[in-house]
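Peer 1: Chain by chain, the residues:
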Amino acid sequence: MAIAKAERLMNLALCLLGTRRPLSKRELRESIEAYVEAFGPGGGAPLGPDQPASGSDDAFNRMFERDKDDLRELGLVIETVESLDGEVGYLARRDSNRLPPITLDAEEAAALGLAAKVWQQARLAGAASGALQKLRAAGLPEDVDPYEAHSALEPRIPVHEAAFEPLMLACRDRRPVVFEYRKATAAHPETRHVEPWALECWRGHWYLAGFDRDRGAERVFRLSRITGKVRSRAGRFTAPVPDVVTVRETVAGWAGETADRSALIRLRAGAGYPLRAKATAVRELGDGWDELEIPYGHGLDAWLVEFGPDVVVLEPAELRADVVDRLRAVAKG
Amino acid sequence: MAGKPVRPTSAIDQTRRMLSLVTYLRERPGARIEDVARAFGVTEDELVSDLDVLPMCGTSFRGGDLLDIDTDGERIWWHNPAALGADAAEPLRLAADEATALLVAARAVATLPGLRESDRQALLRATAKVEAAAGEAAGASSRLSVTFESEGGVFADVDRAISERRRLWIRYYSPARDEVTEREIDPIRLVSVGHTYVEAWCRRSEARRTFRLDRVAEIKILDEPSAPPEVELRDLSEALVQPAAEDPEVVIEVGPGGRWVAEYYPHDSAEELADGGLRITLRTPDPASLKRLALRLGRDGRITAPPELADSARRAAREALAAYDGIEAVAAGRAPAVPVGPAVQDGQDDRQEQTR
Chain U
1 MAIAKAERLM NLALCLLGTR RPLSKRELRE SIEAYVEAFG PGGGAPLGPD QPASGSDDAF
61 NRMFERDKDD LRELGLVIET VESLDGEVGY LARRDSNRLP PITLDAEEAA ALGLAAKVWQ
121 QARLAGAASG ALQKLRAAGL PEDVDPYEAH SALEPRIPVH EAAFEPLMLA CRDRRPVVFE
181 YRKATAAHPE TRHVEPWALE CWRGHWYLAG FDRDRGAERV FRLSRITGKV RSRAGRFTAP
241 VPDVVTVRET VAGWAGETAD RSALIRLRAG AGYPLRAKAT AVRELGDGWD ELEIPYGHGL
301 DAWLVEFGPD VVVLEPAELR ADVVDRLRAV AKG
Chain L
1 MAGKPVRPTS AIDQTRRMLS LVTYLRERPG ARIEDVARAF GVTEDELVSD LDVLPMCGTS
61 FRGGDLLDID TDGERIWWHN PAALGADAAE PLRLAADEAT ALLVAARAVA TLPGLRESDR
121 QALLRATAKV EAAAGEAAGA SSRLSVTFES EGGVFADVDR AISERRRLWI RYYSPARDEV
181 TEREIDPIRL VSVGHTYVEA WCRRSEARRT FRLDRVAEIK ILDEPSAPPE VELRDLSEAL
241 VQPAAEDPEV VIEVGPGGRW VAEYYPHDSA EELADGGLRI TLRTPDPASL KRLALRLGRD
301 GRITAPPELA DSARRAAREA LAAYDGIEAV AAGRAPAVPV GPAVQDGQDD RQEQTR
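Top line first, the protein sequences correspond to chains U and L. For the first sequence, full-length UniProt numbering begins at 1 and goes up steadily by one. For the second sequence, full-length UniProt numbering begins at 1 and goes up steadily by one.
Hint data in this document are derived by calculation from the structure and do not stem from the laboratory. None of these values were measured; they are calculated from a predicted model. Treat the hints with caution; some may be incorrect.
30 Å max Cα-Cα, derived DSS-like pairs, lysine-lysine [said to hold, decoys possible]:
hint : chain 1 : residue 1 : chain 2 : residue 2
1    : U       : Lys25     : U       : Lys5
2    : U       : Lys68     : U       : Lys183
3    : U       : Lys117    : L       : Lys129
4    : U       : Lys229    : U       : Lys68
5    : U       : Lys278    : L       : Lys129
6    : U       : Lys117    : U       : Lys183
Label-pair distances were calculated between CB atoms; the ranges are [what the hints assert, rightly or not]:
hint : chain 1 : residue 1 : chain 2 : residue 2 : range
7    : U       : Glu284    : L       : Ser289    : 50 to 58 Å
8    : U       : Arg233    : L       : Ser269    : 47 to 55 Å
9    : U       : Gly288    : L       : Glu246    : 49 to 57 Å
10   : L       : Glu218    : U       : Gly139    : 42 to 50 Å
Looking from chain L toward chain U, a few residues come up when the C-beta cut is under 8 Å (computed) [as the list claims (entries may be wrong)]:
hint : residue
11   : Ala105
12   : Ala122
13   : Tyr324
Note that beta-carbon positions come from the ideal geometry of N, C-alpha and C, so glycine has one too.
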């Protein structure tokens with residue numbers, strides 16, 4: 001039976017952490033049971049009669065490289081050292097792998113415990129619990145259950161978009177990407193070449209900010225509109241990454257929350273609570289209608305149409321015409 | 001829909017956990033399985049599977065010993081802790097992804113307006129300490145951020161009512177009916193998925209309901225104790241509204257400008273149409289609640305079934321147009337309006353959208 005990957009990775013990690021001198025690939029191959037079992041002893045050691053010839057070296061090398069990458073992924077700093085006779089050795093030095101001293105009290109520990117549970121994305125959920133486990137090993141207090149003793153809140157960060165993980169890694173590693181993107185009102189996606197800067201979740205949706213190479217300018221993309229795979233591109237970023245990336249402000253602008261004008265409407269008494277909540281002025285007309293002054297930003301026309309015959313737009317004429325236009329389209333069916 | 005991890009994380013997660021586990025167990029001879037599983041946020045079964053692997057591990061290079069760790073089913077014993085040198089058992093530094101995952105989540109939770117002030121302070125202190133301990137690994141965490149939305153005052157009252165087990169009175173806005181109703185609810189828990197909701201037993205409808213906090217117009221904590229019936233908590237992470245198979249079917253045909261409907265409404269199918277639009281089929285217990293959507297769509301789409309729903313939207317539009325007859329005469333001669341795409345409205349339903 002093949003030896004489980006976790007056992008192999010664990011042994012490799014313990015070997016690299018336990019050694020004081022660099023270990024060669026051959027030494028590691030000979031001392032880790034999983035490698036011996038899969039590939040036999042390497043480096044010219046005699047093979048048994050039923051072992052295939054040493055074509056397994058390539059397979060071993062590939063697995064060894066992947067295993068090192070996996071260990072680096074979970075935070076291990078592995079150094080590569082070349083000795084005088086040209087042989088390459090590996091080790092994970094204690095001082096570059098040790099967690100600096102950190103002392104957290106019970107309240108701080110409980111708060112972090114709550115935070116570590118909010119991710120719903122497999123990779124980040126695993127990474128957050130991994131962080132907490134390392135802190136536990138370093139003595140993080142554990143006698144407080146964050147759910148029992150603290151708030152009744154269960155915050156969750158939703159991640160439904162398949163594009164999230166590749167974009168997160170591309171932002172982390174500053175790698176350019178290419179993907180198909182369908183704009184809100186476009187029937188067909190177009191290819192976009194982007195230098196990804198940052199991801200932000202706002203109102204439950206994920207957005208990417210980055211430099212759009214085709215447009216030569218900063219753009220914000222909504223992850224749910226990315227169709228197909230996100231592919232990495234070779235090479236570096238060509239545009240400077242700004243110190244502060246503002247995703248939310250851009251999205252709020254699309255959302256019509258940067259209203260700079262105001263509109264006057266008539267609203268049936270008792271109807272349209274959210275319009276009232278936004279109104280800057282309300283006047284009762286006494287005939288079953290109220291007159292409201294409300295902020296006028298992008299998209300107000302579509303929102304007002306939702307209230308059907310309970311809303312009449314008085315001013316400005318432009319907004320009134322937009323609303324009438326929309327109503328006519330619905331009335332025609 | 002579901003974001004699948006591009007590679008299996010389990011072996012990496014297990015290795016990461018076992019590395020921390022050896023450090024932890026070395027300090028705690030005879031640790032109880034139950035306690036260790038809780039401290040590590042895993043089930044007892046997962047922990048036991050780690051304990052099955054650990055005796056196969058060690059610094060086996062040149063005759064080092066394997067870890068002699070075993071359990072009697074209740075406690076964990078490590079018979080040769082010296083098998084791992086003291087410095088090989090030190091806590092490991094945080095990886096970039098680990099620092100990012102924990103710091104981004106902690107910063108997000110700290111933005112929750114209803115969080116108790118003492119909890120927020122604790123979280124901010126902890127975040128600063130973790131940032132310092134993570135060092136360079138914390139750098140990439142600025143490339144990811146999350147903001148939770150919630151109404152501070154309402155949140156604090158709901159949170160208090162839950163911990164004191166008291167009933168709440170609310171005035172709640174229902175966008176489907178465009179009306180504000182008064183209800184008494186027995187709160188069960190707060191859930192934050194994009195927006196923040198309270199799950200509660202609604203005494204008016206005698207059913208479990210979720211209420212979005214930004215639609216609560218007014219709230220009071222009552223003196224009566226809260227007594228929600230014992231109900232099994234559902235996983236609300238995928239969708240708060242879970243339509244039933246027997247719910248009536250609604251068919252919406254949209255043009256390219258109405259494709260956003262498929263992003264905001266959970267649906268059974270979305271079929272591509274020749275003009276770049278979609279035919280969306282969904283189920284809802286209350287089709288009348290979609291009249292607002294029909295009105296909002298304008299020329300970007302229409303509801304084709306059930307016919308009563310399509311009729312009611314047409315009637316509402318005609319009735320609304322009648323009010324403009326007098327006003328429109330004044331504006332006659334004006335150029336036709338340029339159609340504007342749909343837009344997000346604060347506090348509006350989930351049918352929000354924006355163009356760019």
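Peer 1: Check each numbered hint against the structure and report the violated ones by number, ascending.
Peer 2: Violated hints (numbers, rising): 2, 5, 6, 7, 8, 9; every other hint is consistent with the structure.
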